[in-house]
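K.L.:
Same order as they appear, the protein sequences are chains P and B. Just so it is clear: in the first sequence, position 196 is 196 by the working numbering, and no numbers are missing. Just so it is clear: in the second sequence, position 138 is 138 by the working numbering, and no numbers are missing.
Any given hint could be a false lead.
What the hints assert, rightly or not - Computed footprint of chain P on chain B; a stretch qualifies when at least three of its residues, placed anywhere within it, have a C-beta under 8 Å from a C-beta of chain P: (1) 21-32; (2) 95-104.
Unchecked claim - Taking CB as the label site, the calculated pair distances span: (3) B:310 with P:96: 32 to 42 Å; (4) B:86 with P:182: 30 to 40 Å; (5) B:104 with P:22: 51 to 61 Å; (6) B:31 with P:138: 34 to 44 Å; (7) P:70 with B:230: 42 to 52 Å; (8) B:28 with P:22: 17 to 27 Å; (9) P:70 with B:210: 54 to 64 Å.
Because the hints were derived from the structure by calculation, they are not lab data. Glycine included, each C-beta is placed from N, C-alpha and C at the ideal position.
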Amino acid sequence: MDTVAAGLGLSDAAEIELSLRHPERFAVIFDRYAGQIHRYAARRLGPAAADDIVADAFLIAFRHRSRYDTSQASARPWLYGIATNLISRHRRSEVRMYRALARTGLDPVVEPDADRVANSVSAAAAGQQLATALAQLSTGDRHTLLLVAWADLSYEEVATALDVPIGTVKSRLHRARTTVRAALGNTNPLDPEQESQQ
Amino acid sequence: MNDLDLLRTMRSDTPPPSQDALRRARSRLLDRAASRVRWLPPRLRAGWQTAAAATIVIVLGVGAIVSTYERAGGPADRSAAPTESDAVRVALAEAAAGARTAPAVHATKGQFWYFKEVYRVIQPDVGADEDNMTAEYWYRVGNERPGGLGRIHFEYEFGDVLDIVWNGSQTVVRQNGQVVEERTLRLPLWFRDDPTDPSSRWLPEALAATAPTTAADVVEFLRNVPPGDNPGSDLGGIIGLLFHPVLSPQQRAAACEALGQLPDLSLVPDTVDIAGRHGVGIVSDSGFSRLTLILDSSSCEVLGLETTVVKPVVNPTSVPDRFRGNLQPGSGNAEAILARGVVDSVDERP
Numbered sequence: 001m002d003t004v005a006a007g008l009g010l011s012d013a014a015e016i017e018l019s020l021r022h023p024e025r026f027a028v029i030f031d032r033y034a035g036q037i038h039r040y041a042a043r044r045l046g047p048a049a050a051d052d053i054v055a056d057a058f059l060i061a062f063r064h065r066s067r068y069d070t071s072q073a074s075a076r077p078w079l080y081g082i083a084t085n086l087i088s089r090h091r092r093s094e095v096r097m098y099r100a101l102a103r104t105g106l107d108p109v110v111e112p113d114a115d116r117v118a119n120s121v122s123a124a125a126a127g128q129q130l131a132t133a134l135a136q137l138s139t140g141d142r143h144t145l146l147l148v149a150w151a152d153l154s155y156e157e158v159a160t161a162l163d164v165p166i167g168t169v170k171s172r173l174h175r176a177r178t179t180v181r182a183a184l185g186n187t188n189p190l191d192p193e194q195e196s197q198q
Numbered sequence: 001m002n003d004l005d006l007l008r009t010m011r012s013d014t015p016p017p018s019q020d021a022l023r024r025a026r027s028r029l030l031d032r033a034a035s036r037v038r039w040l041p042p043r044l045r046a047g048w049q050t051a052a053a054a055t056i057v058i059v060l061g062v063g064a065i066v067s068t069y070e071r072a073g074g075p076a077d078r079s080a081a082p083t084e085s086d087a088v089r090v091a092l093a094e095a096a097a098g099a100r101t102a103p104a105v106h107a108t109k110g111q112f113w114y115f116k117e118v119y120r121v122i123q124p125d126v127g128a129d130e131d132n133m134t135a136e137y138w139y140r141v142g143n144e145r146p147g148g149l150g151r152i153h154f155e156y157e158f159g160d161v162l163d164i165v166w167n168g169s170q171t172v173v174r175q176n177g178q179v180v181e182e183r184t185l186r187l188p189l190w191f192r193d194d195p196t197d198p199s200s201r202w203l204p205e206a207l208a209a210t211a212p213t214t215a216a217d218v219v220e221f222l223r224n225v226p227p228g229d230n231p232g233s234d235l236g237g238i239i240g241l242l243f244h245p246v247l248s249p250q251q252r253a254a255a256c257e258a259l260g261q262l263p264d265l266s267l268v269p270d271t272v273d274i275a276g277r278h279g280v281g282i283v284s285d286s287g288f289s290r291l292t293l294i295l296d297s298s299s300c301e302v303l304g305l306e307t308t309v310v311k312p313v314v315n316p317t318s319v320p321d322r323f324r325g326n327l328q329p330g331s332g333n334a335e336a337i338l339a340r341g342v343v344d345s346v347d348e349r350p
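Chain B on its own, in the form it takes in the complex (with noise of 0.2 Å):
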């Protein structure tokens, strides 16, 4: 008897399935063959091997990613090679000038956060007609949680269109303009999990409305923020900031000043998101990863916010098991913002 045969008398003794389960796991195979509908955002998975990686290196302290790309999702022109620090925190007083002198947004309960996004992954592995959308969010204002959702609207390149309603407690599906489902369904989770739903990143409202209107304070600010919504990291923390839309002009400036103040970030003066407008790219380079936080130069608004993987994974421990072996170098995805608002229902745009 070798190796491998003693081995196999360990796998012997293992005991068979239990059938209620496998009925169980048969019965939800079967239902979502019936449903079709694709419940799970494809940007899951692709979303979670790069900016969540990303997220991850910024939290874990390890460095943050910022990649950048000089036309819709090609590579950077290395010839525009990131400058000091100090040209950060010009870049950043200018567009936080800007700021201050932005109109205040006002929202009241009962409205919602509009945001509409386009979304990229490069180098995909999650399928073709899965890599890139649109993607339209409505969230309740004044909501406990960051990103109460009361719709999504999801268009695939492949052509298909998911439109999920929530009313209450009830819930509709549409696919492509028909009514798949009517129920009552919780949200799921995982849509609180998606790194690149643009409320992953942001704070409660009712907490985010706190924040500090002068730079210097902003960074403490974000450190006493309690466990369970402390984002982990000053960097990650001012670009969750960046992104909420409650904050006043007054807050936003001060975020944006915060942000020239972090060490370790460059400037690419002129970097041009995945829709073709032009901003200044903010870049944190971990080594492992890059990310690019696109503002617009003048009113420090986020125009996008892009990823990408430049080295294999060294150092197996600091990167959770679930992204080992899933981040090649030049893998990524990017996201910009095209529109942004304050919407009286789930059936307006602004």
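Okay, chain P solo, but in the shape it has when bound (with noise of 0.2 Å):
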């Protein structure tokens, strides 16, 4: 689904290539990924940012077309790549957003649900935990975390997108997760069974 263009069948590359020629086909491009480049970016900043960074992204991305390596047929790690680096702009915010939720409980970027609310005692206390050691890693441990985690790239993808070596998504990845694991007790608050044993 990612690199099938609707109704064409072409491939991001193909599509960006074409829209060298035909500027207006970088729309399909925006129509395969504005939505989750926002969940992404919303998730990590709160949706009315994600807004921003979504129009900011796609017209640095639009700029940036001719230099696009075509070689690679999606061009969903190079869009996170982009926004990602406009994300990183707010760390302050996002970090801010974190202490929050960990002193809180109540998460900034989620509206209030009752049903949720009601079977979230754990999930909320999960929630805290992580984000208490969101708020502690490095900007780069923390792309690389969230990129995995909310965004769902591969390590190979997150190594385009962040435009480092493979062997540094990996090694990146190993310190985030310890540090949430830390802050998790090394338990999982949301397992029963591992609750009621404490």
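With the hints as a guide, bring both chains together as one complex.
P.N.:
Encoded structure:
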């Protein structure tokens, strides 16, 4: 689905190449990925900032499309890389948000939902611990972890998105997950058995 | 459920995107696709990475940058090692003496300050087609804000020409000679933030016109500039004065001498700017980055300004996030002022 164009069946790379002669074709790339990049940015910074990130990311991608490596059939890692660079500019806001979640247990990104709240005592505890860990991570480690966890990118795709070697992705991910596990007390707050053993 | 699965539970609560927001973003993209105009000077991206980093380094007092390039775009000959600060004072005192005898420049409201510069990115990462350009600026004389533009004219190395004329509230945009936009357009704020726009270093014209005529008073004058216009550092302020066209010969001479009195500067007596002109290089090296202000040794006119990163950022708290990771050793940018003067209209060049 990622690389199959609606209608024409072209890969992202082919669409981007086509857009050099027919700029309006770049809207196909927008239609394919804007929603998921918005969700990723919204999870990290909240919906309002995500609106700007998506708009800016696609304008930047459009301007740089002549330099797109067309051997990469999927533009997804490239776009996530651009979005991640933009998200980096809001690092302090992001960390503040995690700290707020860690303190209060209320996720600033999520709209209040009675059913969810009723069922989320453990989830809230986990969320607070996760937020504590996310706030502690370095920017690079956080990007890596969240591109894997929230954007579902593979290691190779993360390496492409962040323009780092794959070994760096693995070491960052290892470091980030160690921090997260430590924040969780090396237990799973959502696992009733583990909770009852404590 | 492992730690990644737990993280994914956080993701699942994220609200879906607003369709209105996506429609707006898509519409902006299509507008851009339709216009095919480079609204954003490419220098904003490359320029910020180095020139602005230099500015920030100056502002933060971490130091300032100055790099020298002994030939156009090439690294400086390190055998021409900077000498002591006495040498800086002597060289600038000589240049100041020349500045005092230069003819005064007169301009009145309705005229334009004209600047032409060539700009070059070193170790480019903004795309080969956008690395080198020639830029011309027509600034309105007597504007309250520094650098009110009447016209810009950019010629990119790959042949494209972008020309924007602001006439009152009307804006006419030409690309390669063809009018591609003609409408009411507010002057985008990002033009004012472009660190390679000569006016980005200016004080407001009325304020600059009151700059002292004795070197001993220059630093105090700059430190007393109100917040908002305050250059934030002595070095940045003096560089801004030297770039400013409104200064009288005596004021320019005072700024030139005052520069020589700042600490931690060094001199490269024969520095060549990217246009191939020889001048004196005044170097400020923060250890992280280096800045070279190249001045005409006989008039203290600014020939060029170059910045280069000499070390990766080691203290992440000293540089804003947006620049971190973008500053690789050896990267930088350079500009040379090719022409300046006063003209009567935006169709005129000196």
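K.L.:
Is 32 to 42 Å a correct range for the gap between the Cβ atoms of residue 310 (chain B) and residue 96 (chain P)?
P.N.:
holds (33 Å)
K.L.:
Just tell me: holds or violated, for the beta carbon distance of residue 70 (chain P) and residue 230 (chain B) against 42 to 52 Å?
P.N.:
holds (48 Å)
K.L.:
Can you take a look at whether the segment 95-104 of chain B is actually covered by chain P? Rule is 3+ residues, C-beta closer than 8 Å.
P.N.:
Contact hint for the segment 95-104 of chain B vs chain P: violated, 0 residues under 8 Å.
K.L.:
Has the segment 21-32 of chain B got at least three residues whose CB is nearer than 8 Å to a CB belonging to chain P?
P.N.:
holds (count 9)
K.L.:
For the range 51 to 61 Å, tell me whether the beta carbons of residue 104 (chain B) and residue 22 (chain P) fit it or not.
P.N.:
holds (55 Å)
K.L.:
Range first: 17 to 27 Å. Now tell me if the beta carbons of residue 28 (chain B) and residue 22 (chain P) are that far apart.
P.N.:
18 Å Cβ-Cβ, so the 17 to 27 Å window holds.
K.L.:
Within 34 to 44 Å or not, the Cβ separation of residue 31 (chain B) and residue 138 (chain P)?
P.N.:
holds (38 Å)
K.L.:
With 30 to 40 Å as the target window, see if residue 86 (chain B) and residue 182 (chain P) comply at their CB atoms.
P.N.:
violated (57 Å)
K.L.:
Falls inside 54 to 64 Å, the C-beta gap from residue 70 (chain P) to residue 210 (chain B)?
P.N.:
Check passed, 57 Å falls within 54 to 64 Å.
The structure is inconsistent with the numbered hints 2, 4, although it conforms to all the rest.
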